[in-house]
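Asks: Heads up: the protein sequence lines correspond to chains A and B, in order.
The first sequence runs 1 to 405 under our numbering.
The second sequence runs 406 to 883 under our numbering.
There could be a bad hint or two in this list.
[Stated by the list, open to error] Examples of chain A residues lying across from chain B (beta carbon under 10 Å, computed): (1) Phe70; (2) Phe110; (3) Tyr145; (4) Phe164; (5) Asp177; (6) Ser184; (7) Pro185; (8) Ser186; (9) Leu295; (10) Trp351; (11) Tyr386; (12) Leu396.
[Said to hold, decoys possible] Below, simulated DSS-like cross-link-like pairs (lysine-lysine); rule was C-alpha separation at most 30 Å, straight line: (13) B:Lys611 / A:Lys393; (14) A:Lys98 / A:Lys74; (15) B:Lys409 / A:Lys265.
Keep in mind the hints are simulated off the structure, nothing from the lab.
Bear in mind the structure is a predicted one, so any value in this text is a computation, not a measurement.
Even glycine gets a Cβ: it sits at the ideal position worked out from N, Cα and C.
Here are the chains, one letter per residue:
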Amino acid sequence: MEKSDKNPYRKIAESFIKAFEDSDEIELDSIEIAIDKLELLLSSITRQIITPTIMPPQIVKPIEVPKVKFEKPKMVWPGKIIEVEIGATRSMGGTRDKTYIIGGEKAPSFYFFEKPEIVMPHKPIFALDIFDMKISLPKAVRMFYGEDVLNDPAEWARIAIEKFNADMITLHLVSTDPNVKNTSPSEAAKIVENVLQAVKVPICVGGSGNPEKDVEVFSKISEIAEGERILINSLNLDMDLKKVLEPIKKYGHVVIDFSPMDLDKARQLNRKVYDYLPKNMIVIDMNCAGIGYGLEYGYTATQRARLAALRGDEELQHPLVAGVSNAWAAREAWLKMDPLWGPKEIRGPIWELLTGLCMLLAGADYFMTVCPTTPSTLKEFVEYIYGEKVFSKEELYNWVSTKIG
Amino acid sequence: MPWKSISPIEIYKLLPRTNCQKCGEENCMAFAAKLVNMETKLDKCTPLLEEPKYKANYEKIWSIIKPAVKEVIIKRGDISLKIGGEYVMYRHDLTYINPPPIALDVDDEMSENEIINRVKFTENFSYTYTGINLKLDMIAIRSVSEDPKKFIKTVKIVMENTKLPIMLCSLKPEIIEAGLSLLKNDRPLIYAATKSNWNEMAKLSKEYKCPLAVFSPGDMDGLLTITKNLIDSGVGDLVLDPGTFVGNGLSTTINSLVAIRWKACEEENPLYGFPTMGVPMTAWFLMDGDKLKKATWEAIAAASLIVNHVSLLVMHSIEGWVLLPITLLRRNIYTDPRKPVSVKPELKVIGNPNEWSPVFVTSNFVLTYYLVSGDIENSKIDSYLLIVDTEGYAVDVATAANKFIPDKFKEVIDESGLEKKVKHRILVIPRKAAKISGDVEDAIKWRVIVGPSDSSEIPAFVKNEWPKILEEWKSENK
Ligand code: SF4
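So that you can see chain A by itself, here it is in the shape it has in the complex (with noise of 0.2 Å):
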């Protein structure tokens, strides 16, 4: 192909090209035929000139050339996902503004062979996470925020939304482990309270990871939030189920199951909460790692999760979680490291962002980063992926020959 700015003509020699293409008699244009065909359809005086932009060398021995279409996969995937709904407006007993709706897949991630809408009917759900207490931050993530944000979680959760264009917060009560304040759970409702009151979309309230404590925390907050279909983050199989369950249902509160990296038991917590809630109020998580820190395995049991959903398997057609944040605990993400490296004030929030994209391509739905640029750029990818297609195939042969920088 010539440069597209190199030969006036060439815009009339491609649109009789493209004339031919779209008739079934010829493929490729360095074919005699071709040759014959255009000069039939010419002028004298047009062939004159465009001839030799693409007459080729020399003569080729006219070849016939079947044309090979190409035919879309063939695809079955019978199972669908469930579509679950976060907060709750007015009209539905909470207070948000408005609520998300994730899931619905028809097939594994961005597989758009048929419209976007249909195999992927909802975008993700980019959350950014906010503590209720001061935790050590990578300088990449803190930098964004002033000090005194921190401190401060509903201040934090509305600089989120507000400033960093994230769909929802995830409020992780930190503080409530007995480990290390012990905040008791109705101070940590009164934090919940603060938040739900300086944000107004939906949110996502995660504990300490201690498994007694979180129970009396999550009842506790379930109470406190009720009618608002909060995100609870999470159940797990070592948990006093019966015990948590019960205010979740009685409040309207969503749940994600938590069962790092293995099916088997996310299928058998899953088959737990099922006594409770309905379906369409379970999330899942397989747990995400960093680039570099295990992302492989995180990677795989989501992609795995999701497959077998849609392959059928009805215990694991929940939409799927994505604790991207993790992508912090590579040393790569937040380490000085050698200036070849480049600075980690870039390397650090990079890392999170491709934590983030392979975990999109695995199939999750709800993502929790903690450094503020994550939302925007993977939205900005999930715009261009749903995006109408508008884009210059003919200019793509250019890459070979264009000069960059």
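Keeping the supplied structure of chain A fixed, place chain B with the ligand upon it in accordance with the hints.
Replies: What follows is chain B with the ligand alone, placed relative to chain A:
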């Protein structure tokens, strides 16, 4: 049919069954077992490969075990890059085989200095990860001037400055031929056959015995039509490039790669059974914005393609923050998922510890283990490393999920006889596990010290804090 496991008996029957051990295995049965597990290669059975009487059997076995995606070799001197050779659509179905090589580009309008810089950067790129050296693999030489003389000059500069394999990029056959004339004994990748030039490119590919890329951006019918014609004209080593559209069109790229691999692996359609390639560097002219943005999108495109079956990548950034996560991600995705996540819980002796040396604690997650033991070994600190069974979870996950439990500490301390090896009773646990310190201390009656959060900080810890900690313990336990 998707990949399914093959019975070793089926293979065994076709082997010479002499148990000659030339393949390095105990006997033919052991070789057959390893072969169906992809743990050895058929060529290792040299009698089968070389003796004419086994020819038919060799071919039979090959037809049973050959990959759905053809393995194509790009070569220069002693360096061979294998691309493709894949069996499965998803890594958990078996494993992915050949990590996609990454080529960095140079062009014939760059100054000699710039070319040398980029080539040296590519060749010297190295990062050690879990005992493996991560590297970049190739140089893609682009003809921007479209002048054969300039191209030749550039190819020469590259050849003089690196041993890495080469990919010659131009859509003009005469330019490719100019480059090939310098690389006669090698197998550079020719980029590319298009709908306009495929016939001449096919000739070059045959004449110089080089693999050939097929480029048909955003046009799968075209890609297949050219591929079919190339096969029919006798060119067998092909690499398919459906075009990398960064930004708008990225889903077309991803879906093309998915479709190609699906057709090859799940539908066993040989027309699609070739390695693929992607060019994330198109971000540099398809995306608007500053260099930071372009490089970020190049990284995004590269990551999207690595998890979606690409067999070879061409990139432009020489930014460490782009290439480090990409090479690590490639390693992660191409790690054999059949390998265990955990290492054995045990006491590891590092250097020559004495009875007052520190005892560090870590989880038995394989990656944690590699990092921590690597750091301590590299800093030459004589010490013990106590690997506690956390069911293969990393320290932070194990702590959050309650998998770092006192009983498991006790088990490995008892089994290893640690109490006889050191006189003190101090364990140094990672900061990320700080919250378990009280529980462990109560349960096993050792002092539990919260150490650094990352093992790279262990040398400083040993220098600045360990002596104090030890003195304190000694004075309390006289
Ligand atoms: S080299 Fe071949 S014949 Fe010899 S033991 Fe191995 S498999 Fe058997």
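Asks: Hint by hint, note whether the structure agrees.
Replies: Verification of the supplied hints:
1. Phe70: 4 Å, holds
2. Phe110: Holds - the Cβ of Phe110 of chain A comes within 10 Å of chain B, reaching about 6 Å at its closest.
3. Tyr145: For Tyr145 of chain A, the interface hint is violated, since the closest Cβ of chain B sits about 21 Å away, which is over 10 Å.
4. Phe164: 17 Å, violated
5. Asp177: Holds, because the Cβ-Cβ distance from Asp177 of chain A to chain B comes to roughly 6 Å (cut-off 10 Å).
6. Ser184: Check failed: Cβ of Ser184 of chain A comes no nearer than 17 Å to chain B, outside 10 Å.
7. Pro185: 18 Å, violated
8. Ser186: 22 Å, violated
9. Leu295: Holds: closest Cβ of chain B sits about 5 Å from Leu295 of chain A, inside 10 Å.
10. Trp351: Cβ of Trp351 of chain A sits 6 Å from chain B, so the hint holds.
11. Tyr386: This interface hint holds because 8 Å falls under the 10 Å limit.
12. Leu396: 4 Å, holds
13. B:Lys611 / A:Lys393: Within the cut-off at roughly 28 Å; holds.
14. A:Lys98 / A:Lys74: Not OK: Lys98 of chain A and Lys74 of chain A at ~38 Å, beyond 30 Å, violated.
15. B:Lys409 / A:Lys265: The hint holds at about 26 Å.
This entry does not satisfy hints 3, 4, 6, 7, 8, 14, going by the numbered hints stated previously.
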